[in-house]
Structures are given as C-alpha cells and as structure tokens.
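This is what each chain is made of:
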Amino acid sequence: MHNTRYTIHIGFETHLQLKTDSKMFCHCKVTFLERPNSMTCPVCLGMPGSLPALNRKAVELGVKAALLLGARINLRSKFDRKNYFYPDLPKNYQITQYDIPLATEGIVEIKTNDVVKKVFIQRIHLEEDAGKLMHSETQNKSFVDLNRAGVPLAEIVTAPDISSADEAMEYLKRLKVLMRYGDVSNCDMEKGEFRCDVNVSVSKDGKLPEHKSEIKNMNSFRFIKQALAYEISRQIKAIESGEVLTKKTFGFDVEKGATFEMRSKEEAMDYRYFPEPDLSPLIVETEVIDKIRQNLPELPDSRALRFVSEYGISKYQSEIIADDVVLSEDFEYCAKRYNPINIANWVINDVLRLLEEFKLDTSSFSKIRDKFVELVRMFNDKKLTNTVAKEFLQKMLVNGETLDSLLKSVSSESIDLDKIANEVINENPKAIADYKGGKTSSIKFLTGQVMKKAKGMADPNKANEILEKILKGL
Amino acid sequence: MKNLTPDEIHHIANLARLRFDQNKLTKFSPEFQKILNYIAKLQELNVDKVEPYVWPLEDPLKLREDVSQKLNYAADAVKNAPVKEGDYFIVPRVINE
Ligand SMILES: [Zn+2]
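Which chain is which? The protein sequence lines are A and B, in order. The opening residue of the first sequence carries number 1 in our numbering; numbering runs sequentially from there. The opening residue of the second sequence carries number 1 in our numbering; numbering runs sequentially from there.
Take these hints with a grain of salt, some might be off.
[Stated by the list, open to error] The calculated DSS-like cross-link candidates involving lysine-lysine, where the alpha carbons are at most 25 Å apart (straight line), are:
1. B:Lys62 <-> A:Lys19
2. A:Lys141 <-> B:Lys62
3. A:Lys19 <-> A:Lys117
4. B:Lys70 <-> A:Lys57
5. B:Lys70 <-> A:Lys91
6. A:Lys452 <-> A:Lys419
7. A:Lys315 <-> A:Lys117
8. B:Lys70 <-> A:Lys132
9. B:Lys70 <-> A:Lys82
10. A:Lys29 <-> B:Lys2
11. B:Lys2 <-> A:Lys91
12. A:Lys118 <-> A:Lys212
[What the hints assert, rightly or not] Residues of chain B clear of chain A, computed beta-carbon distances all greater than 10 Å:
13. Phe20
14. Gln22
15. Leu61
16. Val83
17. Ile90
Please keep in mind that the hints were generated in silico from the structure rather than gathered at the bench. All residues carry an ideal CB built from backbone N, CA and C; glycine is no exception.
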C-alpha cells in the first residue's frame, strides 16, 4: 500500500429515519413488516388531488438533530420536488429541500487515536422516503410495497473532511450516538433507519480531486468499512497505472466484498428541482427552537464525565457506557442501587460481551436490570460463585430466564447436600461431641456451616433434616 | 434564448418519459422553442432589487400533529393497479445495476 503518499477524502450523506408515529405528509402509521401497502393512503400513494400536510414532530426532530450537531437553523426553509421516475416513487417526484434546507453549518467532533477532529456538516434537510422494491429472481417482475413511502427522513450531509476509514467509522458512530441520545431516531440499521451514501476520492496532491466514487445505500458499518477499503485501493491502483478517474456511482457486493459500478445514468442525475407548489415555506419560530434547545438531553461526553465523578468508575469504562444512551441509563439505575464499581465491571466485562456475542439490543439488558443488581449483590456476598453468576447472567439476558427460577433449580438439583453434610460433620468434631452430649442447639451451627459450603444455594430446613439423620446414625 | 439541439430535446423528452418519432420531433422542436422564448422574456426584467420568492402568499405552512391512523388500505391501494399480485403492485423487473 502507498497510502501515505495519497490523501483520502470521504464524505457522507446519511438518511436518518425520524422517530415519528405518522408519516411526513399524511396520517399513515410508520411501521415495519406490516402487510404490504396496508399503511398507505391517497397522499402517500400519490393520487391526483391529494395534498401533503407536514408533520410537526418531524420538523421538531429535524430541529433537534440540527441543534445536536451545532448547526444553524434556517428560520424560513422551503420544500422542493426532486423529479425522477422509479416504481418505488408513486408521485414521480420526492418532496425534499433543495436550496434552502432546514439547517446548515454543523460540526461533529470525532476522536481517533486521541486526536480530535471536526467534521463539517454542510446541511441537514427534511425529505420523504420512497417505497420498497423486491425483485423476482426468476421472472421479469418486481413487487412494490409503499408502506415506507412518505416516512420522514433527515438527510445529513458532511463536507469531504474525513480522511480515513477509521475516521469514517468514528463519524458514523458519533452521529448515531448523538441521534439516539436525542431520541431523534432509533438508528436501527437493519430496519433501514440509518442509511448512507458514501463519497470517496483519493488524490495525490492533497487537493480534493474532480473524480469521486459514490457508494449508494449502505446500511452496515462493517460493509461501509469494507467498501471504503476496496474503493480506496482501487483508486490508488488506477492512479498508479495512469488511468483517468471520473465521477461514478457504485453499489457494494456483500458476497465479493467489492464495489461494482452501477449503470451510469447521467440522465437520471438531472432531477429538475423546482419549488413544491403544495407547501408554503416552512417557518420555524425561535420560541420553538429555544424550547427544543432547553430540553436537549445530557450529551455522552458530559455524561461520561459525570459518571466518573459521581460513581467513581474509570474514564475508560464510563466512556464505553455513555456511548449508548439506553445502556447508560440502565447503568445509572443499577449504580444508584448497588456498588457502582462492581456494577460497572459486570456491565463492561459481561453484559456488553453477551450483548455483542448474541447480537442483542441494549434494551434486553433494561428488562433484567433489577435482577442484575440482585445477581451482582449475591456474587459479592459470596452466595454465588463467579461461574454460576456468569451462567445465570447469560440465561437471564439471552434466554429470558428469571433469577428466581435459576436459583430454585440450582438449589434443588445440583447441590449434593448429603456430601456437604458429611464433610461438615467430619470437620467439626467438637460440635458433634456437644450434640451427642445433649446440646442439641449445636445443630444450628452445623446447619450454618452447610449453608456456607453450599454458597447459600441450599434449603436450610432440608440441611437441618439431613444433619439430624446422619447424627442419629452415628 | 439559445436554440435547443435535437439531442437536448431528446434528453428532456426522455426525462419526462415522452417518445417522439422523427416527424413529431420536427414539428415539435420549433413549438418547444417558441414556448422557451416566451418564458425567456422574463429574463429581460431587472430583478436585482427583488427578493426571490417561491410562494405568492406569506401565510406560514400549517403543521399537522403527529397522530397516526391505520387505514389498512392494502386492498384499496392496489384495487386499480394494472398488474397486482396479492397486496403488491407489480411492475416490470427494475434493478439499479
Ligand atoms: Zn399515507
């Protein structure tokens, strides 16, 4: 690789699904995996005579996104029509914002190898999503489902400021963290709630070149990283061999791990934008902006700092925990109830490992947080061994088993009370002698010893019963 | 107003999904040019001191509250589709590659 001699310019256009109940311009419910075309109406089907009515929540979430990115909000923005023909677009135009977007000039700060860098956000605008197409493998037909058509999106466009695949990953992670903190979007990539067009160009002189590869519609961080690596090395090879690069559009072949050129449709690039005549300009009142600003959430950086000072956990741990809004709320909930340092250790070492290993959402941890506190407490009180506690955690988190039922199953099954009782009797000759001498209360001491050996997993009545039986036989 | 080339007219027609045979193109080209020239008259006006506006009235856009309805519209949605299969609209296979 000759990377050091080359400068890489990466920019992102990210489509974020705004967390609304209804679509951008109609009352249809925003859903996932519903009966095809059931969540539609004359507006989102593009029927003649229907008129769009803009969703207030979508505007507010767009403003919130802009504020989280430190962007300047245009008090007066407008909507435009982007014209093209495609079967997933029922009106033959997409309502979007062209020359006067909702917001401009934001910043996302990223940190790679302890170097902080500012990625400039050029614009944030509102637009509607298109429908979904499925292509027949065997026949000349495609299936059209318009449930997604009209779902509200915010498009966030960066300058080509990002200069490595690692920085690109940091940018995307940071954007996702911020948007989840703000509850602007769930950013669930598998549900298409966070999709990127990735622009990348490599130059030898450090300047932004004319040529550019646009990799369309990426919805996985891992694939974006692979696509970038592939495209960067392809461009370097092309430059080395004196090939002239141009502006091209690519898809990413997941199987091959390679980008492929999409049929260059220069004509399709001609969108003939014009102002949307069905919507007057969007006025955002400064009072509305102020109100949203006042209600902005605590951001990950300040939350991480607060966790260090308030709960005494390490900076490293607190940054990992604060990176996820749900996890950080659950951590705080648990840390208020039990030793925060122990809680943090368990969250970092075990909870996160299991969530990752079993591809679970952090919300699965939310469901067990009360019992998780109990589990950590029992472990600290030496009522559970490390192995058992870890096994329990996995069963609770992954299989949805309850701590109570796990405790019961262990106490009745896997503890050999007879064996433990015999051990205790062998180890405590004085207590045995006392018992035989008529001091029957010494059995209480022996029962305590059995419980201790069983690490709290035994039924004391049963232990008492077994001890009496053995002692009578002696 | 510059004169449009036949290529440009083809390009614009293609964007609008219109097809012309040669006869029609010969007839249509001057008509199209005439329309453009007429609109181009606007460019003679001096608008240096005029704020651009895109909307004739200054009433702000009325926003709708975010309340959803489940219309279960599937059957109605595809009712008039020329080709349908179950709840889906069917179109000739399109793929963007
Ligand atoms: Zn609708």
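Do the hints match the structure? See the list:
Annotation: proposed proximity of B:Lys62 to A:Lys19 holds, straight-line Cα distance about 20 Å (limit 25 Å). For the hint linking A:Lys141 to B:Lys62, the alpha-carbon distance of about 40 Å lies beyond 25 Å, and the restraint is violated. A hinted pair counts as satisfied when its Cα atoms are at most 25 Å apart, and A:Lys19 with A:Lys117 does not qualify at roughly 29 Å. For a cut-off of 25 Å, the pair hint linking B:Lys70 to A:Lys57 stands: about 18 Å separates their Cα positions.
Between the alpha carbons of B:Lys70 and A:Lys91 the distance comes to roughly 21 Å, so the proposed pair stays at or under 25 Å and holds. In summary, the hint linking A:Lys452 to A:Lys419 is supported, as the alpha carbons are separated by about 14 Å, within the 25 Å threshold. The straight-line distance between the Cα atoms of A:Lys315 and A:Lys117 is roughly 20 Å, inside the 25 Å bound, and the hint therefore holds. A hinted pair counts as satisfied when its Cα atoms are at most 25 Å apart, and B:Lys70 with A:Lys132 qualifies at roughly 19 Å.
Restraint check for B:Lys70 and A:Lys82: not satisfied, since their Cα atoms lie roughly 28 Å apart, outside the 25 Å limit. Annotation: proposed proximity of A:Lys29 to B:Lys2 is violated, straight-line Cα distance about 49 Å (limit 25 Å). As the CA atoms of B:Lys2 and A:Lys91 are separated by approximately 32 Å, the hinted pair breaks the 25 Å bound. A threshold of 25 Å between alpha carbons decides the hint, and for A:Lys118 with A:Lys212 the separation of about 22 Å falls inside it, so the pair holds.
Chain A leaves B:Phe20 outside its interface by the beta-carbon criterion, the shortest separation being 16 Å against a cut-off of 10 Å. The Cβ of B:Gln22 sits about 20 Å from the closest Cβ of chain A, beyond the 10 Å cut-off, so the non-interface label holds. The non-interface label for B:Leu61 is inconsistent with chain A: the shortest C-beta to C-beta separation is roughly 5 Å, within 10 Å. Consistency note on B:Val83: stated as away from chain A, yet its beta-carbon is not over 10 Å from all of that chain's, at 8 Å minimum.
At roughly 5 Å, the least C-beta separation between B:Ile90 and chain A is not larger than 10 Å, which violates its mark as non-interface.
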